[in-house]
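Student: Read off the chains here:
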Amino acid sequence: MINNKENANKINKNVLSIKNLYLYFKTHAGNVNAVDNVSFDLKKNEAVVVLGESGCGKSSLVKAILRILPRNTSRYDGKIYLGEDETMCMSEEEYRKKIRWKRMSLVSQAAMTSLNPVLKVGSQVIEPLVIGQKMPKDKALDIAKEMFQNVGVPLDFIGRYAFELSGGMRQRVAIAMALITSPDLVILDEPTSALDVLTQCNIMNLLKRIKKEQDASFILVTHDIATSSELATRVVVMYAGEIIESCDADAFFTRPMHPYSQKLMASVPKLHGKDELEFIEGKPPSLIGLKPGCRFAPRCEKRHGNCSQMPPVTGNGDNFVKCWLYVSSKGE
Amino acid sequence: MTNNKKRESTLQRIGKYTILRLITLFITVVVGVYLTIIIANMGGYVDELVKGQVQESLTMRLTADESFRNLPKENREALLQRELALEFDRLGLNDPFLVRSMRFLLRAIKLDFGTANHMISASGSNKVRLIIGEQLPPTLLLMGTSNLLLFFIVMLIALYLSRRYGSYSDRFFTSLSPLSSMPSWFYGIFLILVFAALLRILPFGGMLGAPPPERGSWEYVASVLKHMILPVTSLTVSALFASIYSWRTFFLIFSSEDYVDMAKAKGLPSGLIRRRYILRPTLPTIITSFSLMLITMWMGAMVTEKVFQWPGLGTVIVNAVGLYDTAVIVGTTIIYGYLLAITVFLLDFVYALVDPRVKIGAGNRS
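From first to last, the protein sequence lines stand for chains A and B.
The first sequence begins at 7 in the numbering used here and counts up by one.
The second sequence begins at 53 in the numbering used here and counts up by one.
In case anyone wonders, no lab produced these hints; they're calculated from the structure.
Take these hints with a grain of salt, some might be off.
[What the hints assert, rightly or not] Not close to chain B: a few residues of chain A, all C-beta gaps over 12 Å, as computed:
| hint | residue |
| --- | --- |
| 1 | LYS50 |
| 2 | ILE193 |
| 3 | GLU219 |
| 4 | SER235 |
| 5 | THR239 |
| 6 | GLU282 |
| 7 | ALA303 |
| 8 | HIS310 |
| 9 | MET316 |
[Claimed, not checked] Quick list of in silico lysine-lysine cross-link-like pairs, DSS-like style, CA-CA up to 27 Å:
| hint | chain 1 | residue 1 | chain 2 | residue 2 |
| --- | --- | --- | --- | --- |
| 10 | A | LYS49 | A | LYS143 |
| 11 | B | LYS316 | A | LYS145 |
| 12 | A | LYS145 | A | LYS49 |
| 13 | B | LYS316 | A | LYS32 |
| 14 | A | LYS217 | B | LYS316 |
| 15 | A | LYS143 | B | LYS358 |
| 16 | A | LYS140 | A | LYS108 |
| 17 | A | LYS50 | B | LYS316 |
| 18 | A | LYS104 | A | LYS25 |
From the three backbone atoms N, C-alpha and C, an ideal C-beta is built for every residue, glycine too.
If we strip away everything but chain A, and leave its shape as in the complex, we get (with noise of 0.2 Å):
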């Protein structure tokens, strides 16, 4: 454990990697392109931030990450470097002591139901320090306590169950639980759709106050624009499966590159805005039966012939973009 964060350090570079990570579906229809050849970097006290409409393959891309697989997984290959060790040639069990809540940790989507409802959420904070790590229980719980307070929630909820918290409580002890291993990654899958926006407001406070305090990498998942904006330090917007754009946080706000990534944008609102708000005509293609070319293109309005080309990837190293925008305007 102190060897491997000893190495990451000494190192000093990604502490996730993925390449060409593939996860594909089986159902009636046919085959789901859930996650399609996808390939990012995550550094050291970095926190990227998942962009995407609903049904782009987000959640599918952290379950990808994270190995937790439906029954009816008919492809998933690809690389998945988690600091320097390759996590794709573990068998379960391996992964299950090496990598699970060691070495990254999931804050789920839905809150109100990732807490078993007849355990009492302290034991379940708990679970990853005695389980995982063989710690007597009265120790484990010290440290729930000290989480507790470190996300803000009252010590006497350690003895509840997750039917007698609030929907911000609950995020909170999911959040708690997320860290009390002190993960070298945290996934937040959508941590803040479900809540109020004073709740999501304090929650992304309390994240990045995390981030800052405890040095970890967030992978943050979302199609809440607006608030990611708090907490991002790079960008990956998704769309059918796909990345279609890579970007530094701070230019992607101002300045993004692709189409999508322009029509989202502006599709945030903003106050006192003058104009009226911008929106996407069409809905993301369905990710069976594919077909080949942009798989935006059909919903682009800066289309043109090489669109029914699968664009190719320009950019440098984390910054990049699929678009044959970017392409031409290279070429020539």
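Chain B: place on chain A using the hints.
Tutor: Below, chain B alone, put in the same frame as chain A:
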């Protein structure tokens, strides 16, 4: 301090819940018993039969008396009528049926069943209480064994199948579920045919071999166990497949909950996930389904006991129906009612223990 207070209020809530359940179950039993009394008495018609019997036996007794025979005819008739009226009064047969049925009800609830009209217990008494008392332990043995067996077998198989959804074994068991539409006594007859009549490896029925081994010896236990195999099997099998089907579905529904994925991401071993994150949350649903199933199963069990000549309550009630012995019918039904109520109550209590959400009393969520 606050913790103590909280625990106290939890105890209070469980206490309140328990008392409330006891009262409702008691009312259910009373209603059931009263209906039985009315049906078994055929709305009062049985009393006419009883009156006839009383008149007959009184006439016989008086005519056997020489001094009675020597009386003049009018006097004899008057004396007979007077004695008869006295006897009816003594037995309370002159009261309206409503009053009499209430009297029966009160005695029945207090387990005072009176004497049987025809039946005699194995020890030679005609007290209904003794008849039932002697036959109750074998019924408890049979039902207890098959209910426990059923619970654990179904739970294990259902949990196994839910992890192999859509597999060959899963489809095999679910396609067998219509077999549960047949009652247990049908399986009883079938099993007797195969294992007793054809293969001759298990006894046809009864509880002990002949000559009966000494009570309390190992041979006695072995003999009882050997005689239990077929009835227990038929009771269990009749309820097995439908329960497996529904429990497997419960497990499937609960294993697609988010907290199960979460537990997997947390790196908990799969055995623990199954116990703590699938079994525990499903248990309340399963207990409800189990208590409903028991009610159906107990009804079929009476006939099954008779099929196997098992010396239990079921055999008693079937015999009593044949002999039209009202006191015994009512008595056995009451005992069945009480047994079922106790079972359901225990399951309810277990339900409250395994599901923390139940303990919340009416509406004060804080």
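Student: So, for every hint listed, does it hold in this structure?
Tutor: How the hints compare with the structure:
With a minimum CB-CB distance of about 22 Å to chain B, LYS50/A clears the 12 Å threshold, and the non-interface call stands. With a least CB separation of 9 Å from chain B, ILE193/A falls inside the 12 Å interface cut-off, contrary to its annotation. GLU219/A, annotated as away from the interface, keeps every beta carbon of chain B farther than 12 Å; the closest lies near 23 Å. Every C-beta of chain B lies more than 12 Å from that of SER235/A, the closest at about 27 Å, which supports listing it as non-interface.
A cut-off of 12 Å between C-beta atoms confirms that THR239/A is not in contact with chain B; the least separation is 24 Å. At roughly 38 Å from the closest C-beta of chain B, the C-beta of GLU282/A stays outside 12 Å, upholding its exclusion from the interface. Residue placement check: ALA303/A keeps its beta carbon more than 12 Å from all beta carbons of chain B (closest about 35 Å). Every CB of chain B lies more than 12 Å from the CB of HIS310/A, the least distance being 43 Å, so the non-interface label holds.
With a least CB separation of 33 Å from chain B, MET316/A remains clear of the 12 Å interface cut-off, as annotated. As the CA atoms of LYS49/A and LYS143/A are separated by approximately 34 Å, the hinted pair breaks the 27 Å bound. Proximity of LYS316/B to LYS145/A is assessed by CA-CA distance (about 23 Å); at most 27 Å being required, the pair is judged to hold. Taking the CA atoms of LYS145/A and LYS49/A, the gap is near 32 Å; set against the 27 Å cutoff, the hint is violated.
Taking the CA atoms of LYS316/B and LYS32/A, the gap is about 22 Å. The hint holds against a cut of 27 Å. Simply put, LYS217/A and LYS316/B have alpha-carbon atoms about 25 Å apart, close enough for the 27 Å limit, and the pair holds. Proximity of LYS143/A to LYS358/B is assessed by CA-CA distance (about 55 Å); at most 27 Å being required, the pair is judged violated. Between the alpha carbons of LYS140/A and LYS108/A the distance comes to roughly 13 Å, so the proposed pair stays at or under 27 Å and holds.
Straight-line distance between C-alpha atoms of LYS50/A and LYS316/B comes to about 25 Å, which keeps the hinted pair within the 27 Å bound. Taken as a hint, the LYS104/A and LYS25/A pair is honoured in the structure, with Cα atoms around 21 Å apart against an allowance of 27 Å.
Violation of the numbered hints given earlier is confined to hints 2, 10, 12 and 15; the remaining hints are satisfied by the structure.
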